[in-house]
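K.L.:
We have chain A; now place chain B onto it with these hints.
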Amino acid sequence: MLFGPSVGHKKPLIFKIPHLAEFLVFVYALWISTYAMFFVTFFLQPNLIMASYTLKINSKTYTVEADPKMPLLWAIRDLAGLTGTKYGCGIAQCGACTVHMGGQPVRSCSIPVSVAAGKDLTTIEGLSADNTHPVQQAWIKEQVPQCGYCQSGQIMAATALLKKTPNPTDKDIDTAMQGHICRCGTYPRIRKAIKTASQIMNQKASAK
Amino acid sequence: METKNLTRRNFIKLSSLTGAALTIGFYFPTGAKAAEVMKSETADNLGIDLNAWISIDTNGKVTITNHRAEMGQGSFQSVPQIIAEELEVDLNDVRIVFAQGNNAKYGSQITGGSSTVRGTYKKLLHLSATAREMLIEAAAKKWNVPASECYAENGHVIHKPSGKKFNYGELVADASKLTPPTSVPLKDPKDYKVLRKPIPRQDTPLKVNGTATFGMDKKLPGMLYAVVERNPRFQGKLKGFDDTETKKVPGVKHVIPVKMSVFNTFREGVAVVADSIWSAMQGRKVLKVEWDDSGFEHFSTEQLYARMNDDLKTKDGLSFRTKGNFAAALEKADKKLEATYETPYESHSCMEPVNCTAHYQGDKLEIWGPIQGPDWVQDLLSPLMDLPKEKIIVNMTFLGGGFGRKAFMDYPHEAAVISKAVNAPVQVVWTREDDTTQGPFRPGMVYQCSGGLKDGRISAYKAKLAGQNMDHQWPGAQKDSYNGSTTEGFLEPYFESIPHYSFSDLPLDVPIPVMWWRSVYASTNGFAFESFMDELAVQAGKDPLDFRRQHLGEERYQTLINRLEEVSGWKNRKKNEGYGVSITECFSSIVGEVVKVSKKADGKVKVDKVWAVMDCGWYVNPDIIRAQVEGSIVMAIGAATVHATHFNDGKAVEQNFNTYKMPRITDTPEIEVHVVDNEEKAGGVGEPGLPPLSAALTNAIFDLTGKRIRKLPFNLEEV
Numbered sequence: 001m002l003f004g005p006s007v008g009h010k011k012p013l014i015f016k017i018p019h020l021a022e023f024l025v026f027v028y029a030l031w032i033s034t035y036a037m038f039f040v041t042f043f044l045q046p047n048l049i050m051a052s053y054t055l056k057i058n059s060k061t062y063t064v065e066a067d068p069k070m071p072l073l074w075a076i077r078d079l080a081g082l083t084g085t086k087y088g089c090g091i092a093q094c095g096a097c098t099v100h101m102g103g104q105p106v107r108s109c110s111i112p113v114s115v116a117a118g119k120d121l122t123t124i125e126g127l128s129a130d131n132t133h134p135v136q137q138a139w140i141k142e143q144v145p146q147c148g149y150c151q152s153g154q155i156m157a158a159t160a161l162l163k164k165t166p167n168p169t170d171k172d173i174d175t176a177m178q179g180h181i182c183r184c185g186t187y188p189r190i191r192k193a194i195k196t197a198s199q200i201m202n203q204k205a206s207a208k
Numbered sequence: 001m002e003t004k005n006l007t008r009r010n011f012i013k014l015s016s017l018t019g020a021a022l023t024i025g026f027y028f029p030t031g032a033k034a035a036e037v038m039k040s041e042t043a044d045n046l047g048i049d050l051n052a053w054i055s056i057d058t059n060g061k062v063t064i065t066n067h068r069a070e071m072g073q074g075s076f077q078s079v080p081q082i083i084a085e086e087l088e089v090d091l092n093d094v095r096i097v098f099a100q101g102n103n104a105k106y107g108s109q110i111t112g113g114s115s116t117v118r119g120t121y122k123k124l125l126h127l128s129a130t131a132r133e134m135l136i137e138a139a140a141k142k143w144n145v146p147a148s149e150c151y152a153e154n155g156h157v158i159h160k161p162s163g164k165k166f167n168y169g170e171l172v173a174d175a176s177k178l179t180p181p182t183s184v185p186l187k188d189p190k191d192y193k194v195l196r197k198p199i200p201r202q203d204t205p206l207k208v209n210g211t212a213t214f215g216m217d218k219k220l221p222g223m224l225y226a227v228v229e230r231n232p233r234f235q236g237k238l239k240g241f242d243d244t245e246t247k248k249v250p251g252v253k254h255v256i257p258v259k260m261s262v263f264n265t266f267r268e269g270v271a272v273v274a275d276s277i278w279s280a281m282q283g284r285k286v287l288k289v290e291w292d293d294s295g296f297e298h299f300s301t302e303q304l305y306a307r308m309n310d311d312l313k314t315k316d317g318l319s320f321r322t323k324g325n326f327a328a329a330l331e332k333a334d335k336k337l338e339a340t341y342e343t344p345y346e347s348h349s350c351m352e353p354v355n356c357t358a359h360y361q362g363d364k365l366e367i368w369g370p371i372q373g374p375d376w377v378q379d380l381l382s383p384l385m386d387l388p389k390e391k392i393i394v395n396m397t398f399l400g401g402g403f404g405r406k407a408f409m410d411y412p413h414e415a416a417v418i419s420k421a422v423n424a425p426v427q428v429v430w431t432r433e434d435d436t437t438q439g440p441f442r443p444g445m446v447y448q449c450s451g452g453l454k455d456g457r458i459s460a461y462k463a464k465l466a467g468q469n470m471d472h473q474w475p476g477a478q479k480d481s482y483n484g485s486t487t488e489g490f491l492e493p494y495f496e497s498i499p500h501y502s503f504s505d506l507p508l509d510v511p512i513p514v515m516w517w518r519s520v521y522a523s524t525n526g527f528a529f530e531s532f533m534d535e536l537a538v539q540a541g542k543d544p545l546d547f548r549r550q551h552l553g554e555e556r557y558q559t560l561i562n563r564l565e566e567v568s569g570w571k572n573r574k575k576n577e578g579y580g581v582s583i584t585e586c587f588s589s590i591v592g593e594v595v596k597v598s599k600k601a602d603g604k605v606k607v608d609k610v611w612a613v614m615d616c617g618w619y620v621n622p623d624i625i626r627a628q629v630e631g632s633i634v635m636a637i638g639a640a641t642v643h644a645t646h647f648n649d650g651k652a653v654e655q656n657f658n659t660y661k662m663p664r665i666t667d668t669p670e671i672e673v674h675v676v677d678n679e680e681k682a683g684g685v686g687e688p689g690l691p692p693l694s695a696a697l698t699n700a701i702f703d704l705t706g707k708r709i710r711k712l713p714f715n716l717e718e719v
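Chains as they are written, first to last, in full-length UniProt numbering: chain A, 1 to 208; chain B, 1 to 719.
Keep in mind the hints are simulated off the structure, nothing from the lab.
A quick note: this is a predicted structure, and the numbers were derived from the prediction, not measured.
Honestly, I wouldn't trust all of these hints.
Listed next, the in silico EDC-like pairs over lysine to aspartate or glutamate satisfying Cα-Cα at most 20 Å (straight line) [unchecked claim]:
#1 Lys171/A to Asp608/B
#2 Lys218/B to Asp78/A
#3 Lys195/A to Glu670/B
#4 Lys600/B to Asp170/A
#5 Lys542/B to Asp334/B
#6 Lys253/B to Glu65/A
#7 Lys171/A to Asp667/B
#8 Lys204/A to Asp130/A
#9 Lys253/B to Asp78/A
#10 Lys542/B to Asp455/B
#11 Lys606/B to Asp170/A
#12 Lys285/B to Asp242/B
#13 Lys219/B to Glu65/A
#14 Lys171/A to Glu670/B
#15 Lys218/B to Glu125/A
#16 Lys219/B to Glu125/A
#17 Lys219/B to Asp78/A
Covered by chain A, according to a simulated footprint, are these stretches of chain B (three or more residues, beta-carbon under 8 Å) [unchecked claim]:
#18 267 to 281
#19 625 to 639
Think of the CB as a built atom: it goes at the ideal place given N, C-alpha and C, for glycine as much as any other residue.
Isolated chain B, as found in the complex:
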């Protein structure tokens, strides 16, 4: 697979080789709200650096640019699948290339917030239809017939009455002379041929024979390898080091102090640069480093949680969203309830450890790596490396997992600094231990929920959360600003049906770098909100599914609940089986999950099955959606029952998979995923399947055993 990057100039070069090409993309005029569809020739004449999403050469070969990262979630398939539909081409005849970082061309490229499809699908449909209409118009002119008598299919334009046809390659020279039409017809979803179909992913063949190029597979002539001994305490400084033994290790070339940007501070360390990863690792083993760890707190997990719990008891939170008068309503309630939930810090632990390759060449810097936000890397590195943005070329490889970690820009910065210092291309590899202990982590959270019931319905609801606010880490952040994701995960109709509510947060200020972890705050909010919903249902004496149904008036939510009830056999549950439900909403998608548990012969609890119903509105590929929900469920099972990051003396404790245990095939129950078919706006797919799982599981355990679990992770063996 060629993943060479296509700039406009490359396209022009390509077209000069083949005679001509139709290359179109979007141009975002300054201050304009809508993007303008433009051909590369027009852009060239105007001196505009156009994005080039679609290019068709004279042989009819179509090249589609994927502007987003491929980290397993399927953008490599979904972006081209959208384009192929309106362009009327066979996906197998299309070449897919990764874009380089350039947000002036592509808009935001940060692959996070489950945003790839929902953020760009309308634009991509419009662009592809524009190209198709231009090809049709070109054909009609050649035949001298009305365009209305022609249609496009499978890379050809066909004249209906006569059956004459041109392939796209024969039309590009003429089509490229036309002005793109301003409005184009889009297909009715019922006529989709490519969209909504479980078409096999184009990257799968590369991922079963070892040919997919991940970050660590990048090789450059003369490239050196580096590993870095970083201060295990996040704010610590480097006092000095002794590299006498390190320099004796064959292959070691340089030992240098290095600082990399981590939010508002710099992580300090010593890089060992060698001609192989192994030599660098050996050199690091015998390196003697002295740290300066004065002037900041050396905290432990116990201290952090004690502080969060204390804050919840003694302080009012930063108010985020309120309605009515919670206190007065609680006073009048028939029944009152209060509960505290706790979730741990977590490491992302992508299977491909963090790594990056950089080549600093004086007036420019080129970077290759598993990167979720190539444009963000340019933005951060431009001032730090003192280079204009366009002189920082960021190439995305396939990512061996991302989950939010690889949207952070610390590791490209570190690689750039080392490459500059040693004046050679360098690949910096984080060992698994580095990857697990250095963060950024998912922040640990404590939730205090209280509520009141009147006539069997929720009359008052309050949620207060304590934990680090990721936004507070950036330079110049307002540390008294509320957490904008305080209600993330909570279902929208509850805000209608609950008459009095209050949501607030208490930010914890500690020097642990924290970062988005698949589904971000919803990943922990979902546990608290949906556990408490279950506790309220039990207090109200209602079936947990009916209780939710009663509070979720909208048809879309009723449909989802009914489907969940039907597929899980909720009503036909047997004795000795525990069923738990949980429904959350984030990134514009709603997901409901039901977990079934039972007891093994030895009396211990086992998870038998998980059913999920995903409503992500307009969608691209049902099989990718199912895969993403299956994977989200497994990842959530891990976070609920298997792993957690602890801190002691200011350092992360768990270092590798022997202590930071991963969910394995033996921890994986049967999973059944259903996708709702509707015409709502497209929602996210990569993350929304994760937040409901933990509460559905603990609610099922309560149903089976009467035991309420309010702290994650818990050991299934010990329930």
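Isolated chain A (complex conformation):
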């Protein structure tokens, strides 16, 4: 379709009860990370205390020396050297730093490394290096990225959504993705790509 229209999707209606569960999980995750930050901020001040932590990232073990309250984001980027995870705001507003911790999407800028130690972590590099993951394939098919900086976080959020909700509605997509900022405005294509990824996953499942 050479000159055809590019079509987005309807704007969702307001937040309703079916999303209460997601909302509570979100509030809980936020509470945990805030509490953890609060704890380390008040009990470990004023000086940095370096400690040794074991991080399990993409099934690989990294031993790092870090200040306990160093956000996981910087441990992943600067200590483990995995730069696919991005810094966007540092206050859990933009989602660029999203990784999976114990299978749940979390904002690595707001999780202290001491809290993440020992947990199963997955970053964008852990989805697949050869772009064979259905969400990566869908992102390529729909040509989602422009500058691409936020897309690691978008993809990690979309992957978590599809794991829980294999056939998401527009409203499911908007609810799961509204915490992720894309300044290039790729949102219409993100909506499309999540549906495409869902189809790819369903096809793979039925082929098995």
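P.N.:
Frame of chain A; chain B shown alone:
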């Protein structure tokens, strides 16, 4: 992806490894108007440092240099896509590398003004066709047949009668001995195989698995990290600082005062340099700094807008473009109208905050970063760092957004100063708060529009704009010079059809650094011009689309209006739906947008859909164009309804995304983009989709509710 930079010497090295290579580029002889196509060998013999846009090695591997920045807009795809067409190669077999800064070789590299394709496409087509013809000639000589019996396809030259073929690699040794022909045939657009096709971007695979290297991903051995506490007041000075606590933070290595060039002044601050970003940030938190904020105004947003409004009421503007006698024509008009529009200051807020890596090594300086204008960085830093331009090597990484912000050279300068001071490679990272509060910003503007109607047509039109003139910030600027972008966004045929008009501006002189923000002045002019056009149409009792059609005689504009009318279903609009239209023109492209709004169950307004028709003339890739227009629309929705930068006591108020809110997926309506197919000159793609949106939206809201919005941003929830 290898993004190693290819200088001529690298090419020569490459060719000595593989035996030979055909490397051609342009040479711009001093004083000559036209560039000369030249081979690297010829250039080498003449001692010329040739640009090297195309290189083919003996294995047939093609390397194409992208001289422009890739910030999401797709130059990484569009430059090679142009070259692949006339060179007859498969884009998948091509290696793309970023050029280093060098405007003597590449011409201007500043990636702004939506200029990459429109500024270079003719040259690139010519260059690629030249390489192809040389390969064909080499093959014909080898076979001893006339060149007219041979053609090129998919990296091969084929002898038509016999079906014999050579791949390009087998021909480069011979082709490199030929003299480039002076004139070469170019394809008819209807024969394009690569151009005009929605070919997937070559950078997408790198951007879905974390391997694309952005500025902040650059790592060097022994590299230190720095964050800088800068004076939050733009003209303020550093009085002193106490780094006792900072130096206690493990990892902190240096605490130094730093000045970076910002137009005609220097921004002052204190850099905390450490072995990790986190340590630097922690050190900054406990740093005590005292500022000297005397001798300049500590303004607030209210004061700025009061002054602009006051100027508009009391002063004549600096005249930019006039025709006839506005005052006399207005006197004779049947109906008169006057309206004032206001647009806010804005932060660029690229998702990748400003950052830069520099390594000063005494006799040379190397820079890596998300940079829109590598050659501009060389120009600014050469005198400031006291190094010849060629000793400043500027490497472009992928940019996590640019939008004009990363065309400014303050942050590479700051990184260079810090690297020199600590004698080590340093990456300077701006926190989101730094990025949001330090500017440069899009200037806030106030527009006073007045007009008269006679027999249902515009008989008199006047627009006066007040706001900062970006050009007035540079050292030695003439502050009484008019704003050359006063009419940016206004459709060209209006200047024909409106018999009396006057455009002028009133520059506001305040010490806020301002800078191009995607589509620059058109981003705000479009709101005023196209809102007022709508108000005039309503006064004239005409349908807003017909009213515009009546004033836009040229066929190109009529085609666009008809297409917009057709795709949006303008004529079949239902009751309870508001439709608004807006059409603007900038960077040689014309874009029309229609917004449809309706009311939700709770009575609040929602945006249902946006249709856009883009006429950018000759184009490369329709899917990139659609993506750019979609993105421009979302960015414009943000600037119209979500965010604004305010000032209080001389400082920016909004600091991060919790207060400088971004448009999100839930703010994004359905968007449908159409690309006009014609053979007009190539226009810009990255920016022209942005200016029409805000007025199309407020015009639609007027259509639905009767409420006219003249000030941005406005809250959709409160309409």
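K.L.:
Does each hint hold? Answer for all of them.
P.N.:
Each hint tested on the structure:
| no. | hint | result |
| --- | --- | --- |
| 1 | Lys171/A to Asp608/B | holds, 15 Å |
| 2 | Lys218/B to Asp78/A | holds, 11 Å |
| 3 | Lys195/A to Glu670/B | holds, 15 Å |
| 4 | Lys600/B to Asp170/A | holds, 17 Å |
| 5 | Lys542/B to Asp334/B | holds, 15 Å |
| 6 | Lys253/B to Glu65/A | holds, 18 Å |
| 7 | Lys171/A to Asp667/B | holds, 13 Å |
| 8 | Lys204/A to Asp130/A | holds, 17 Å |
| 9 | Lys253/B to Asp78/A | holds, 17 Å |
| 10 | Lys542/B to Asp455/B | holds, 11 Å |
| 11 | Lys606/B to Asp170/A | holds, 16 Å |
| 12 | Lys285/B to Asp242/B | holds, 12 Å |
| 13 | Lys219/B to Glu65/A | holds, 19 Å |
| 14 | Lys171/A to Glu670/B | holds, 14 Å |
| 15 | Lys218/B to Glu125/A | holds, 17 Å |
| 16 | Lys219/B to Glu125/A | holds, 18 Å |
| 17 | Lys219/B to Asp78/A | holds, 9 Å |
| 18 | 267 to 281 | holds (count 4) |
| 19 | 625 to 639 | holds (count 9) |
Hint violations for this structure: none, all hints satisfied.
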